[in-house]
Structures are given as C-alpha cells and as structure tokens.
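Protein sequences appear in the order of chains A and B.
Start counting the first sequence at 1; every next residue gets the next number (this note's numbering).
Start counting the second sequence at 387; every next residue gets the next number (this note's numbering).
Honestly, I wouldn't trust all of these hints.
Unchecked claim - Beta-carbon label-pair distances, calculated as ranges: (1) B:Asp492 <-> A:Gly162: 49 to 55 Å; (2) B:Val489 <-> A:His70: 45 to 51 Å; (3) A:Leu62 <-> B:Asp397: 23 to 29 Å; (4) B:Arg501 <-> A:Pro21: 49 to 55 Å.
Just so you know, the hints here were simulated from the structure itself, not pulled from any lab data.
For every residue, glycine included, the Cβ atom is placed at its ideal position computed from N, Cα and C.
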Amino acid sequence: MSVLDGIAIVGVAETPIGKLPGRSAISLQAEAGVAAVAAAGLAKGDIDGVFSFSGYSQAMMLHAARVAEHLGLRPELAVVTDVGGPGTHHAALLNVAAAIDAGMCTTALCTYGENGISIRRSGRGRAPGTLTGGEDFEAPYGQIAMISGYALFAQRHMHLHGTTSEQLGAVAVASRYHASLNDNAHKREPITLADHQASPMISSPLRRLDCSLISDAGGAFVVTSIERARSLGVPYARVLGYGAAATHHIPSQAPDLHELGGPVAAARAFERAGLTVADADAVYIHDACTFSVVAGVEALGLCVDGEGGPYAESGALALGSECPVNLHGGMLSHGHAGGVFHLLDAVRQLQGTAGSRQVEGAEVVVAHGNGGVFSTFSTMVLGRGP
Amino acid sequence: MTGKPRPDLNDAATAPYWEAAARHELVLPRCNSCGLVFFPPRERCPGCWGGELSWQPMSGSGTLWTFTEVHVPFYDDTWAEDVPYVVAVVELDEGPRLLAGIVEPDMASLAIGDRVEVTFEDRPEGVTLPVFRVVE
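So here's chain A without its partners, still in its complex pose (with noise of 0.2 Å):
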C-alpha cells in the first residue's frame, strides 16, 4: 500500500501551442489551471494546494507561491518539483499523495508551461548555459544547449548499436503523424523521411527535425482523492506504480548507455504495478530528441537493449500498432514548454477522451522519460479509474 494508491487525476488541460506574443510563463499556466479545475467539474474554492514549477524559461524562485497569488488562491502548501522532465510532474503527484494522505490537501492544482518564443522576443531570456550545471566545465567548450548533450549520447548509440539517422527519421515521421490527429499541435503538417534526412544539422547525428520545438504553452492538471474522483462522477487516472532514477548531471558525467537511469526507473515502476511493458496500451516517452524515444522504447522493454532504432523503423510507433508512443505528437511536433503534455494526453487515453488519437478501451498507460541530459528518469504507470 502506497500513498500513490489514493489519488486520481481528474482533470487535464492545456492551452493553445505555438507562439504567444505577450504571454508570460505564468499567464499561460493559470490559463491552463483554471482550465484544468473546470475540466475537473470543481470550481476555485475546491483548490487547496498548488503544486508547480516555473519552467526554465522565467526561472523563478518559490514558484508555487506565485501561481497560488496569481489565482487568488491561500492554499496550506504550495510545492515546487524540479526533478527534470517528467520526473518534475511525477513527483508533485508523489507530493500531492503525501499531502493528501497527511490531511494537508483534498484537491491540488498542478501547473506547468513555458514561454520559450516569447521570452526571446522580449529580451528578458535567460543567459545561455547559466542553469546546466555545466557552468565551469562544459559551457566554456560551447556546451551550452541541451540538444548537444543530446547529441553525445546518440552519437555513442550510433557507435556502439549501428543506429542510422533514418531511424531516428522514423521517430520524427511518427510523432508528426500523430501531431497531425491533434487539433492543439503546434506543427501538424505531416513529414516525410526525406524531409527529416533534408533538414539540417543542429548537432550531429541530430538534425533539426530530430529536435523537439521550442513552444509557449501552458498545461495543468488536478489531483485529489480516489473517494472524491468517485463522488464527482468524471472518468480520471490513478496511479498504478511509479519508480525513478538519478545517476548524473552534467553530460560528461554520465554513466555508459547501458546503465543509464531508465530502465532501472522503469523496472521499479512495472514492479510496484505488478505489471509489464505488456500490459501497456500506450506509452508517451519524453521526446527532448527523436534519440531519447530510441532510448525509452529499450528502457520501457518494448525491444531489447540496442535495437530501438530498428523497432522505430519498424511502423510500431504508430497508432494503431499494439504500443503506440506518443499520440499528443511529442515534443517533437505537439508542443514543449516542459513536457507535462505526455502525462496530460496519457491521463485523456485513461479518460476516453483522446478524440481521434484515442486507443479504444485503453486501460493501462505509462509515462516514461528522462531529465537533464539521461540524468534523471522517471516511470508512471497509469490506470483507468474508477
């Protein structure tokens, strides 16, 4: 018995995608939150925790505060997570679990989003490089963009595996599909391969349609209790296991392709659920690169070690296939502003509420991805509830 057996995910929301002119961080996370509790059928006196993080875009300290001043609201707690990639929306739910349990929260908002266009054009960014951790030892060699990071480890997996960049193609081809089912995407025009091998090099072997965008967008969910998800009537998720790992966080720092975190986290997840990959009718892997859904599809079991690249080649990617990986479209075409959106669209596979990109009568669905560059992963294991 776990604190994570109490709670449901009752509500998910996110706003419009693509470039925002005007809108700050918080703008759009409020936008999103008060979407969410609606979705929810509560209303703004039901909330009594915020859970949150700033994003990288408008760093910010004790950013759960400022939402909960943004949205009027006084709630007990209001906890920042920055945990790296999904582990951040992850482990607020691990917070919000605790909360609940310790009688400090019925009903948490949960908010994230971006402004990463946007914040450029105002001129009021970040300085490259200054939140890494490669401040010293990486950014003085030009180390100063995630996707390079990126970039090292699907060289190596290249190397050591025999990937191609066409398989990495497929990743972009399928998420661009999926993209194209989903009316919010921010790039919904379809791809072919030869677009993906015409596209330019960012950052060897990664070109830029192996890169995820950068996008304004905000995205909330709420959580509360199971007996409350059951009294207010509305389909919701609730967690069925959840593992995580850290190992690094510099890219330099890293241990070897093989001993990187996720299949540990994934291994701690399927176990705590009871379940494996197989059970899955879905899975949503957070795509900072087309290479980290060649990585997760291995972590998650769905092929052996090494040979991600083929099983992307293969078409089992796609909707329709007995695992399809992310049908919000990813990072790479959906929308980044955090990657919240993949726990978001899992929780409306669990809900039937997916539309076109809907996996009939989907009962398990995980969430699975890394931080940092492969520094921190974590593992979700979703069910239908009730």
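Please build the complex by placing chain B on the supplied structure of chain A, with the hints as guidance.
Same frame as chain A, now just chain B:
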C-alpha cells in the same frame, strides 16, 4: 556579444585545476583515502567522502568516448564564429571522463575510440582550457 562563458576561477575546490591548466598541465584530484581519481574537482571524494585530496598530474592521453559537431550558434552570436565546432567527451587513461573541445578535427575520419592527447587553449577572456587533439 558578451564573451564566451568562463569558469569561476575563485572556487576554492576547482581553482587548482585552472591554475594548472594555465601552466599547461592537466591535474585531477586523487583521494588520499581510497585512491579514486575523479572529475570534476570538488572538496570531497565522491567515492568514499574522504576530505584529504592530492592533485595528481594526468598522462594527458585518453580515448574519444563520444562527440558532436555543433552546426548552429545556440541562443545568440557568442559562438557564431566558431561553428561548426566539436564538443567531445574524452575518457582519460586514468579513468575519469571530461567534456572538452577537439582542436583541428578531421571530420571525415573523427570516430569514437580515437586516441587523443591533451593540449591547451589560452582564451582571450583570461582562462586556459584543456582541449584534445587526435593522435595518429
């Protein structure tokens, strides 16, 4: 243009590393208790938490563990005159891995597993960086 990022030369735990680099020497901390040689430098051994450390000269030889060729200047024009440039992770023969540049890389042949040796780049912003070159 605000200049390239430079390390904090006043951090007590790492200053000796940069002072050695300025002398064109590569030194890493070694734990007096358990013998671990580690990177980046810090005030305690990450292996045994021992606080008694010595600075050990490295051979300067290592192997290219991975690399990327960066083709676009990220964020602003700080690196505009440098692209394309190589960011690499080198595994020193003594064990630790560190991130560094590769000087005068031959991109047609650069490959993981290449043997490399340290050299030093004196930057105009007043810092010397250990970098590596491929050895035949």
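To see whether the hints hold, each was checked on the structure:
1. Against the hinted window of 49 to 55 Å, the Cβ-Cβ separation of Asp492 (chain B) and Gly162 (chain A) comes to about 23 Å, which falls outside the hint.
2. In this structure the supplied range 45 to 51 Å holds for Val489 (chain B) paired with His70 (chain A), their Cβ-Cβ distance being about 50 Å.
3. For Leu62 (chain A) and Asp397 (chain B), the Cβ-Cβ distance of about 27 Å falls inside the hinted range of 23 to 29 Å, so the restraint holds.
4. Separated by about 51 Å at the C-beta atoms, Arg501 (chain B) and Pro21 (chain A) satisfy the suggested range of 49 to 55 Å.
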